[in-house]
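Enquirer: Each chain is listed here by its residues.
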Amino acid sequence: MTNADYAAVIGLEVHCQLGTRTKLFCGCRNTFGEPPNTHVCPVCSGQPGALPVLNEAAVRLAVRAALAVEGTIRATSDFDRKNYFYCDLPKGYQITQFDAPYCQGGGVRLASGRTVRLRRIHLEEDAGKAIHDRGDATLVDLNRAGVPLIEAVTEADLQTADEAHEFLTALKEMLRFAGVSDCDMEKGSLRCDVNVSLHRPGEPWGTKVELKNLNSFRFVRDSLEHEIARQSGLLERGAGHEIRQETRLWDADRAETRVMRSKEDADDYRYFPEPDLPALVIPATLIEAERAALPELPAAKRARYTETLGLSAYDADLLSSDPVVAHLFEAALETAASPKSLANLIANEVVPALAEPAVRARAEHGHPVAPADLARVTREVESGAIHANGGRRVLELLVRGDERDVDRILQEEHLLLVTDEAALERWCRQALVGREDVAREVRAGKTKAIGALMGAVMKASHGQAAPERVRALLQRMIDESEA
Amino acid sequence: MSLSQLARALADGTRSARSTVQATLASCERANPRLAAFQALAATDALACAERLDAALAAGAEPGPLAGVPFATKANLCIAERETNCGSALLAGYRPPYTATAVERLVAAGAIPIGTTNMDEFGMGSSGENTCYGIARNPWDLGRTPGGSSSGSAVSVAAGLVPFALGSDTGGSVRQPAALSGVFGLKPSYGAVSRYGLVAFASSLDVVGVLAAEATDLATLLAVLAGPDPLDATTVRIEGPGNEADRELDGLVVGVARETFGPGLDPRVEARTNEALAALERAGCVLREVSLPLAGQAVPIYYVIATGEASSNLARYDGVRYGRRVQGDDPSLDAMFEATRAAGFGDEVKRRILLGTYVLSAGYAQHWYTKALRARRRLVHEFDAAFREVDVLLGPTTPTPAFHLGERVDDPLAMYACDHLTVPASLAGLPAVSAPVGTVDDPAGGATLPVGLQWVGPRGSDARLCALVAAADRLGAPFTSALAPEVSA
Ligand SMILES: [Zn+2]
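Top to bottom, those sequences are chains A and B.
Residue 32 is where the first sequence starts when you use the numbering used here, and the numbers rise one by one after that.
Residue 636 is where the second sequence starts when you use the numbering used here, and the numbers rise one by one after that.
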């Protein structure tokens, strides 16, 4: 038997930190990367007698997430306590939603046209962070304790590792465009657990294994591929090689999963209704306000970019995969030379630069480059005032925070092309001196040979001669010299 | 001196806050070795607070309604930088970084906290004996319990040391000690007074309450303490005291639930209760019998819900962030949790955590916790139905007068049973007051012991209930409140 005989049944649990200014139940700042325990108070450090008070901004973002995936929002839902002991859990319980989550249903459409259904989304608080790699002691940082989270749980609708990857990418894009979260896996603002089992089509589902420690979408895909292979290997070997219901950790270095705990060790979380908080009531007015404020989501953008603007599917995908990029594109569109030239410039210069932390950090507070400057560069290239490479050079500088205005950059970087006829003629005449051989070839129809002369002109002009003009001029001079 | 007398003396300048606090501290120091009401007196802070108040008044500031009135706080109410140990060894030396809203409101009204009182650990107990800090004694008979868990707070008032004290009431922890010590005890409606800074025992039942020497003080204190708090999402605004007619006994319909007169009720307590009811009838009250069948099941319902919540509320005492940490030979985190909690919690707290963990466990929660929540909702409906017929419900606060220290410590069920008259109002979140209705003589020892009458009103009717208790108090005998003879003599 081969792997192909078994079908995988995959479900995901996605945790996403909400991008609120403050935490879920207290006024502490919701931050990342600050010195340990500098954003804590009696509530989020679990001091005796302190009580939670719900942050309405978190409810708004949670509602927005529900609207983005078209889930059904409950008018009234409840908070529950999930009880367990760990050093990063200050109260000894997590406030979450168990029986009555605020959102049910909804889904995410894949490129294949299939929809991955969501079972539920609930609102909960994050735990702190336990740090184990500083000598013998375990250190605890509570800056993250109480940060608002939503947890989205899918139905077991996914069938392959690639589908899981595609689903996560799509969900992440939706949440980022909706302004729910930055979904940065490196900062832990997006986290994912996976459930996977195998079965033969038509037969009942097999034993479910949970995978954890998946810190990137690539890990999700790799671990699923590995786990599907491991499980089908066990199934092929038959009796004595049962798949156990357990939680396994992905070890990216060894590219394999290993057992974290078996089902027998599973915690009993002793859920019960949180008595410190009243029911979560989400008024219809709040839902409608969020619906009205919901930005255009990636799928709609993609369709608009291809159908209305005539961009390629590739360009449309690229522009609609990152809200920073899409917002920049749309802000520059009206005054740009054309959608295509704008898309090219963004694809070549802005998208790669956003991978740099400094550029990304600037983009958090607005556009990475002024849209008007970007549009102007496309126009200057279009009119022939600057070379395409010169345009890219201007963008390269602007995106990295060059504070000079576009005019000064063009001047000081010698990017403006020389279009003055007299100067161009002088350079061309010099280039033709002693190159009767080339002129002959051109006259004989080998127009490519003109490149050698152009090189000389560009060298003489320090690259500032407008190339199309030079080409036309050289052709004319060769033609005329014959006569 | 009573609360109102003290506040008036300060306002008209016949007495300074400093001299009041000084005198109070001196009498507390004298009495405490015998009574063990206080865990600790905050002399320096209290005097500084009094001096600030005197200076402000001298500068022309308007005196608050409680200006210069010293009061005691139960050791489970946080005061910034002051040891708040909840009677537990685990929290020995714990100084919270913030102050409870209830304490803050009293201080803002001019009152001066002078010390923290002894209590059953985390409020779990009915005799004040579950603590490692000091077992408060009943000033009416030093061999007996003052009740619990607000034992020291009740004693501080009963012995005339302070005009009032803050306590907390989860299943009767203000009303029962008020009854056994002969003072007034108010358990407000659930949510009427902020719980922010009250260390949680059972969050859906806990309320901050007051113990006071005089009936009229309850309304004064309630007005200062009650009101929504942005730091406690469960707070609500309660009704005002109503019009003149609502505060009169004439025409008041008084419900008496036969269930509260069941077996186990001491005949002497029953006699005092009936005398009080007869006096009210003479004053124009209409007595009506009502039925609250589930009230008879209140103790098991209460212990399932309260212990379930407690097992979760007390999970934070893990030795990680505060309190005493114990690490045995095993360096693991789980071993530290176990050692810390094994060493830090007393037997009664452990018993309730075990019970509470059990009733919430997978497979058992349906039979215990969920069922208890259902029964609780039905009990609320029973009360709702009763209050469509009557204005208030009256009955004894406790089945017996104060019992001897040591008498029930080894019998938890007997100890739990003495809550059965107070827990129904807790489960339904209703306001309740225990008011003194005379005393009984102990045939064996010759001691004279106070008896309490419990008034229960509809949710939110706290102010009216306090006014009615004060109106009854004006009738005189048997509504007599007297300080314990041992001290007032
Ligand atoms: Zn905080």
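If you are wondering where the hints come from, they were derived from the structure by calculation, not from laboratory data.
Bear in mind that the values here come from a model prediction, so they are computed numbers and not experimental data.
Check each hint, because a few of them may be wrong.
Below, a list of computed lysine to any residue pairs in the SDA-like style, where the Cα atoms sit at most 20 Å apart [claimed, not checked]:
hint : chain 1 : residue 1 : chain 2 : residue 2
1    : A       : K490      : A       : E511
2    : A       : K160      : B       : Y957
3    : B       : K1006     : A       : F129
4    : A       : K160      : B       : Q1001
5    : A       : K113      : B       : T851
6    : A       : K243      : A       : D253
7    : A       : K371      : A       : R393
8    : B       : K985      : A       : K490
9    : A       : K294      : B       : S996
10   : A       : K479      : A       : A453
11   : A       : K160      : A       : T200
12   : B       : K1006     : A       : P304
13   : B       : K1006     : A       : P306
14   : A       : K160      : B       : S996
15   : A       : K479      : A       : E511
16   : A       : K371      : A       : R322
17   : A       : K113      : B       : Q1001
18   : A       : K113      : B       : Y999
19   : A       : K113      : B       : G648
20   : A       : K371      : A       : H396
21   : A       : K243      : A       : G233
22   : A       : K160      : A       : E197
23   : A       : K239      : A       : M205
24   : A       : K113      : A       : T127
Chain A is nowhere near these chain B residues, computed Cβ spacing over 10 Å in every case [claimed, not checked]:
hint : residue
25   : P700
26   : E718
27   : A727
28   : A880
29   : G943
30   : E944
31   : D953
32   : P1047
If you want a taste of the chain A side facing chain B, the calculated C-beta under 10 Å gives, among others [said to hold, decoys possible]:
hint : residue
33   : S76
34   : Q78
35   : F303
36   : G432
37   : E434
We treat Cβ as the ideally placed atom computed from N, Cα and C, and that holds for glycine.
Enquirer: Going through the earlier hints one by one, which of them does the structure break, listed in rising order?
Expert: Per hint list: 1, 4, 5, 7, 8, 10, 11, 14, 16, 19, 20, 21, 22, 23, 29, 30, 31, 36, 37 violated.
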